[in-house]
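Chemist: Sequence:
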Amino acid sequence: MANRILIVDDAAFMRMMIRDILSKNGFEVVGEAQDGSQAIEKFKELRPDLITMDITMPEMDGIAALKEIKQIDANAKVIMCSAMGQQAMVIDAIQAGAKDFIVKPFQSDRVIEAINKTLGI
Numbered sequence: 000m001a002n003r004i005l006i007v008d009d010a011a012f013m014r015m016m017i018r019d020i021l022s023k024n025g026f027e028v029v030g031e032a033q034d035g036s037q038a039i040e041k042f043k044e045l046r047p048d049l050i051t052m053d054i055t056m057p058e059m060d061g062i063a064a065l066k067e068i069k070q071i072d073a074n075a076k077v078i079m080c081s082a083m084g085q086q087a088m089v090i091d092a093i094q095a096g097a098k099d100f101i102v103k104p105f106q107s108d109r110v111i112e113a114i115n116k117t118l119g120i
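In numbering that gives the first Met the number 0, the protein residues as written are 0 to 120.
Note that these hints are calculated values from the structure, not bench results. The reader is advised that the hints may include incorrect statements.
The calculated BS3-like cross-link candidates involving lysine-lysine, where the alpha carbons are at most 25 Å apart (straight line), are [as the list claims (entries may be wrong)]:
{"no.": "1", "residue 1": "Lys69", "residue 2": "Lys23"}
{"no.": "2", "residue 1": "Lys69", "residue 2": "Lys41"}
{"no.": "3", "residue 1": "Lys43", "residue 2": "Lys98"}
From just these sequences and the hints, can you work out the full model?
Modeler: Have a look at this one:
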């Protein structure tokens, strides 16, 4: 069975890029969210195997959402997505429980490598 992934990013274009990379590599995208609060609701509803989470989003950022998701399920697997120059935020995210991070613009081999490593494939 394909691994089920939730994509969280406030930019529709970025969600589309990740969805394309995942679909081409046999992953199932079970949902998408535009901000952290949507991500939490979708996580509760869909229980994905993994979440790709943008760090900077309106409403609730990715780190706050990550912390809430980890409270719901300590075993949740989250990979943060960051722009260049967000190292401090990436460190915060890893300390909050993120498993890995990928940098925009996405390189498909790096995305797949991070996901496979996190899922233990």
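Chemist: Take the C-alpha atoms of Lys43 and Lys98, compute the straight-line distance between them, and say whether it is at most 25 Å.
Modeler: holds (19 Å)
Chemist: Next pair to validate is Lys69 with Lys23; report whether the Cα-Cα distance is within 25 Å.
Modeler: Not OK: Lys69 and Lys23 at ~29 Å, beyond 25 Å, violated.
Chemist: Does Lys41 sit within 25 Å of Lys69, going by the straight-line distance between their CA atoms?
Modeler: holds (14 Å)
Checked against the numbered hints above, the structure breaks only hint 1 and satisfies the rest.
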